[in-house]
Structures are given as C-alpha cells and as structure tokens.
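Heads up: the protein sequence lines correspond to chains A and B, in order.
The opening residue of the first sequence carries number 1 in this note's numbering; numbering runs sequentially from there.
The opening residue of the second sequence carries number 1 in this note's numbering; numbering runs sequentially from there.
It is worth saying that the hints were derived from the structure and are not from the lab.
Just so it is clear, CB atoms sit at the ideal spot from N, CA and C, and this is done for glycine as well.
Treat the hints with caution; some may be incorrect.
Partial selection, computed: residues in chain B whose CB lies under 8 Å from chain A [what the hints assert, rightly or not]:
1. 7
2. 132
3. 288
Take a look at the letters that make up each chain.
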Amino acid sequence: MSPDNQNTIAYTTTYKFHGGIHPEEHKTLSNQTPIIDLPAPPIVVLPLNQHSGAQSLPCVAVGDSVVTGQKIAEAKGNRSAHVHASASGTVVAIENRVIAHPSGQSDLCIVIETQDNNKQHFLPPINNPFTTSKQSLLDRIFESGIVGLGGAAFPSHIKLMPDVDRLIINAAECEPYITCDDRLMQDEAPQLIQAFELLRHIVSAKECIIGIEDNKPEAIAQLTSAIETSGLTTINICIVPTKYPSGGEKQLIELITGQQVPKGQLTTSLGLVMHNVATAFAIFEAVTLGKPLIDRVTTVTGLGCERRGNYRIRLGTPLQWILEQLGVPAEQKFTTIMGGPMMGFKVPNTAASVVKSTNCLIVAEPDELNEPSTALPCIRCGECADVCPANLLPQQLYWFARSDEFEKAENYNLFDCIECGACAYVCPSEIPLVHYYRYAKNEIVLRAKEKQQAAKARERFEFREFRLKREKAERAEKHRKAAEARKKAAEAKGQTNEKKATIAEAVARAKARKQKKQDDQSS
Amino acid sequence: MMLSSSPYKKSSHSVSQLMQLVIFATIPGAIALFYFFGWGVWFNLIVCCSVAYASEWLIVKLRNRDPKKVLSDYSALLTAVLLALALPPLAPWWVATIGTLFAIVFAKHLYGGLGYNPFNPAMTGYVLLLISFPMAMTTWLPPQSIAAQAPDFISSLQLFFSGSDSQGNTLNYYTLNADGFTMATPLDEIKTSFSMGYVFDEIKNKPIFGDWQNVGWQWVNLAFLAGGLFLIVKKAISWHIPVSFLAAIYITSFLAHGYDPQLNPAPMIHLLSGATMLGAFFIATDPVSATTTNKGRIIFGAAIGFIVVMIRNYGGYPDAIAFAVLIMNMAAPLIDHYTQPKVYGSQELK
C-alpha cells in the first residue's frame, strides 16, 4: 500500500465539536484477540422489546419446537421489529422474565430450551443485491429484525428508507472499554467494505464515509487495505481525534462535515444518514446469507473477567451463563455494567440476557468504577458547560430539574441533551447530573401525556354537557311540539266532542228505555 | 436503593481538591505580604481560619447537617484565607473575628451554605468591616523597607491582641515613615492627596511610590499574579474573568489618565496596587457567586474592572474590589440569562 493511496482513502478531519472529554480508554483490555463464537446456551431468554418501538407479538406457543432463525415474534406497529429464535429447541415459556434494565424489572420474554442440532431456518440469500429493488432489500432487512446495534435499537429498514447524498458509517466507538466494532473491523474488513457499499447502494448515496477515532490504527489499516483491494472509489475513511463523545451521531456528523444537524431536524436534512458498523454487517448477512439478527458481537471486559475479549453471542443468552463460560467466579460479587461506563447501566440481576443493543458487558472489580458517592452542592464552576457536546448549560438544567422547574429546563434546551455523561464525568461535586436530566425528561413527557389526557377528558366532558343541553333542548322542543299538537288536537276536538256528546246522549236514552222495559216486565 | 446512574467513570478532581489548590496558590501572595508588612498577615490567617472552622462547625450543627462532611470541602477555609489576606496586617484580632463570623454564618450559611450564597462571603465580611470599622480597616503599616520602625514579632503580637505593645506604642506610631509622616497605602495616599489639592505628578514623588510603581505593593500584586497564573495553568479557574477584569482596569484607567493625567493615576498604579491581583484571580473567580457562561464571565470581569477604577478615581473609598465584586454578584444571574451559549444545531435556524 503506497502512502499516496492511503492519503486518498483515509484522511484526518479538520473539524471539531464543542466540549468533550478524555476518559481513560481501557480498550486494550479486550481488543487484542479475534472474535470468538460462544456456543448456544442451555436456554435463551428473548425479550419481546429489544427495539425502540412497540413490543412485538409472539407467533409461537409454549411447547412449539423452533429452529434457529425462525421468526418467533412479529413486529407490531411501524417502529417495531421481529424477533427470531437464536437457537433451535422448544419454547418452554412465554412469560415475564428479568430483563437487562437498570431497575431490574421483568418483561415478556420467549424462553427456548435449546437442543444441540444444526437445524436452521434462514431466508433465501439475495445473490445480486445491487440489481435488486430497494423495496425488496428493505423488506429483507425488516424480515430479518435488524435494528441499530450501536445502542439506540431503532429499526434499520426505516432509517434506510429515505435516499440521501452521503452515507456515514459510525466506527468511532468512543466509549471507554468497548471494542466490538474495532474488532469486527479488524477481523472482517473485506466483508464490511461490501456491507458499506450495499448500504450506500440502498440509500442511493454518492459516497460513503467511515468515521473512526484515531485510537484504532489496526482497524484503519485493515479497512484501508480492504477498500484498496475492492477497487471501490466510493468509500473513504475520515479519522477523527479520540475524544468522547465523538461517536454521538450529531458529534460525528460535525466532525466529518463541519455542519450541525439543525435543531429539531433529522440528519436527512443535511442529506446524510448514519449507520453503525455492526448494523451494516448484520444487514449484509441478512441480505447475502438470509441470516436474521440472531446474534451479535459483544465486548466482555473489565478487570473482574480474566478471559476478556469480543464474543459472538446469541441473543437471549443469559449473562450469568456468559460469566460462567468466561470463568468469572459466581460466588464473587462483581458489578456488571451493560454498555459502556459512560452511558451504560448497572445490571442488578445477571439472570437478564443479551439483547440486540448489548454492545458491551463490563465485569468490574470493586474499585474499577466509580460508585455513587454523596454529592456535594453545585458550586457553579461551569466545567460541565465547557465539556457539553450539545453546548448546553448543564448546571442550569440541574437547578431546574432539581426544583421541578420543567418549563425553564425546556427553555434551556433540556431535550437537546444526549445523555453522554460528560458533565457528570467532570463534575467536582460528583452530582449525578444525567440522572436529573433523565428524571426531568421523563416528568415532562409524562406531564404532557397527562395534560393531553386531561384535555381529552375535558373535551369529552364538554361534549357531554353540550349533548345533555342539546338533548334537553330537543326534549323541550318535542314537548312543546307535542303540547302544540295536543292543543291543536284539542281545538279540533271541540267539534268531535259534540258528536260524542250526542252519541252518549243517545246511548243514555237507549239504556233508560231498556231499563224501563225491564222494570215493566218484572213488575 | 442506592442511586446508581451512568457515568461510572469520574475525573479525579473534587471540590475539596479545587479549594485546596486555590488556598495553595495564595502562598506567594501571603509570603510577599509577610515580607513587606510583617507578622500581622499570619495572625490574621490563624484567627480567620480558626474562627471559620469553629463558626462553620456550629452553624452546620444548628442546621442539622454533618459538620465533618461540610468542613471537609475546605470552602470555609478558603473564605477565611481570602479575608485574612485582604485585612490590614495589624488590624485588631476582633476585626478578623467579626469579619469571618459574618462571612461564614451570614453570607454563606444563612443562604444555604456552599453553592447557594449569592454574594462572595469573604467580600461580604470585608465590606461589613470596612463600613463598621473604617479606622481599623484603613490603617496599614508602611512597607518595612521605608518604615521608620517596624514592630518585631512580640510587638506585633501585642499590637494585634491589645492595640499597643509593651513600650506603649499604638499602631499609629508604626505607621510613620522615616520623615515622620503618617503613611497609608498607595491608593489611600492618592485619594487623600487628591482631596488636599495635589496633582498626580506631585503625588508620584512621595516615598510610598518609590522608583518603580508602589513600594512593596507591586511585589505583593505580582506574587498574587503568579499564584493566579498557576491556577489557570492547573485549570482550577478559567482565564475569562481575570483577563477581562485586568483588561478593563487597564483600559478604563488608561482612558481616565489620558483624559486628565493630573487627576487620574496611571494604569500601572491601578494594576499593581491594592487588591487588584488578589481580586482578579482569587476573589472575582469564586464560581458560586460569579457568572457561569464564558461570555458572561468576560462581561462580569470587565464590569468589575470598570467599577473598580470608577470608585478608585471618583468614589469615596480608596480601593473598590469588594464593592465592585458584590455589585456584580447581584448582576450575575441576569448576565447568565442573556449569555446562554447557542445550543448544538441552533445556528442553522434562520
């Protein structure tokens, strides 16, 4: 590879984004060895809500036997995704099980007891994707249950619908510890280049830019050489400086294009769409192999786990089983974080399982991570504002969230917060700032909903009042009309009464006569 | 359940480390004060710090909080240090005591403690003292190099605690210079001389101004400047407030001096006398009572600098850092409100 070629394929950006931090990376803990396949666990627990939209609906019943890749739950509504059996076996339960959630809550899951066989049910491969219609490709992606694997879990077929000028591949992987995309790029570079080209084709983009942090030289080298070998001129690599959160969608766009996504608009307003490395790979497999989303590469790292690395893990694999397989002593109490240390969450119960968005598991030794300590008061030092990538005033948002002044928080652009945690990272008072923002956002959404419901209720009430009034008026009208009619009738009766009276008189006379006759006869 | 929320990584510095760093950075200034004005600065430091600790412990107890936790943030100690460094070195012990008590109990804790005080506590204490005890608060010893007689350690101790030493000399005795004239600080000297009808060229020849700016005071200010630069390098404070503050002092005094050189002191006198550098790097930068946006900090610092020169040149007090800071403390929320940064993506909105 000549240096000239490398320059034309990979270049370093000249743009920056506001704020950002440089936490310790801890990437070498897990990115030194190739990806390893983990076998199917004895049971898989597949939650029906692994995506951003509505919970999908089971289409198998308890007792059914299923094979790997078989659809077991259907998407419901337009932002939902199918769920597929990640292993062959028997459905033993469709019930609430503990899911990976900070509160340790339960949710509806399909539980499969796996059988060791090689049966699988994949869709037919699409052999010539570049001449296949966009709709068929989107249908395939939808059928394969693919969602964004970077963490947001937004259904991919929706994100790929609009045509754009440029496709950006998010390979920044800016969170400490996580290396699953790094490793995927090192191990599968040629395949990935094909995958990126396929995505570019789907959205009819003129070019594809891979945004990657400069702390992944090996992945950059592999991708560069793969692009060179492929002869594609549509794909370039944009190297961005290592700074958290460069992998935030908006931040990476600013780093690559120098432009900001206008507030309240989608990336498509800049003619861009962004997809994550692992998502592109999953789509590629779904199209060319017919393989639905049944597994993913997850980084298992942290000082508490000795066999750190990246593993291809079946969705629904219980965390406890993974830890056992990797030799984490069950009796020892480690903190398990799902996701990165900046945006992930502590898993209260390792019975929970790996889902589509699980990019990392950190098994942390007691002193490895910062446990919540008692926060000191905010001293308004403003360090949070200096590091905020959204250019917000976190300290003001904190005051407003704390005192439930939600309207003010909204005026200070609370909803532009991407919850990256940079503010809380630098806070000298160790205030859990992001927690306050999540709380405020929740409350605002909830109150808006309540308000909407109240408005609806009021509307209903007002309509009822209106209806009652109308009915009353109608009744009154009816009565009035009836009275009028009676009156009229009565007036008309004036004549008939005379007739009746005559008849009655006649009857009376006849009766009298009859009586008289009888009296006469009896006497 | 214990609150657990991402991020699970934190940078290493904490509030108490920040406070300790700022306290540490005052050391050069304190040494310069000691060198030129004798033992009094240590007495003030000791009294202020002890009173600050004791009064904070008491008020926190009364507020039903954990004193150990509150005291461990070092913010009370910092307030005490800043007040002590601003006091005249041999002001009586009860001056330091009352000032610190007021700063900690009233200016800080009655507003809710650290983070909630709208006014800079040290300066609130200072202004209370200045208004209540103007004599004690303006009686500075002359720099020892030009003093007729400087009190030694024992005399200083006696003056500090009883008002006169064993020879029966009061503080006034020690404020005489070699020529037998009472001396004040350079800023005092300027103020009184102007009121007596002198012009700046005549005032400049007085011994207190020496060959290069002000005797003693310029070194004290340079020492605080060094400590302040250290804080900026260490990222304990941002450059915005000190730079805009000093620039505003320079520009305002330059214009005033240019307008009438005989009635307005030269810019360098302003920059290197009184509490200019202490104010610029240690007082105005108190994050709690200052503005928090970077644009706001520039406005905040510049306004303080402007007010300082205005009061020094045209007001009734020789120095004005405390007043200027307190006035701008009141304006901080307003400035914050109007200097919100443009949130990501809002630039494109037309």
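Supplied contact hint for residue 288 (chain B), tested at 8 Å Cβ to chain A
Holds, because the Cβ-Cβ distance from residue 288 (chain B) to chain A comes to roughly 5 Å (cut-off 8 Å).
Verify the interface restraint on residue 7 (chain B): the C-beta must sit less than 8 Å from at least one C-beta of chain A.
4 Å, holds
Chain A contact restraint on residue 132 (chain B) - CB to CB distance below 8 Å:
With Cβ-Cβ at 29 Å, over 8 Å, it is violated.
Checked against the numbered hints given earlier, this structure breaks only hint 2.
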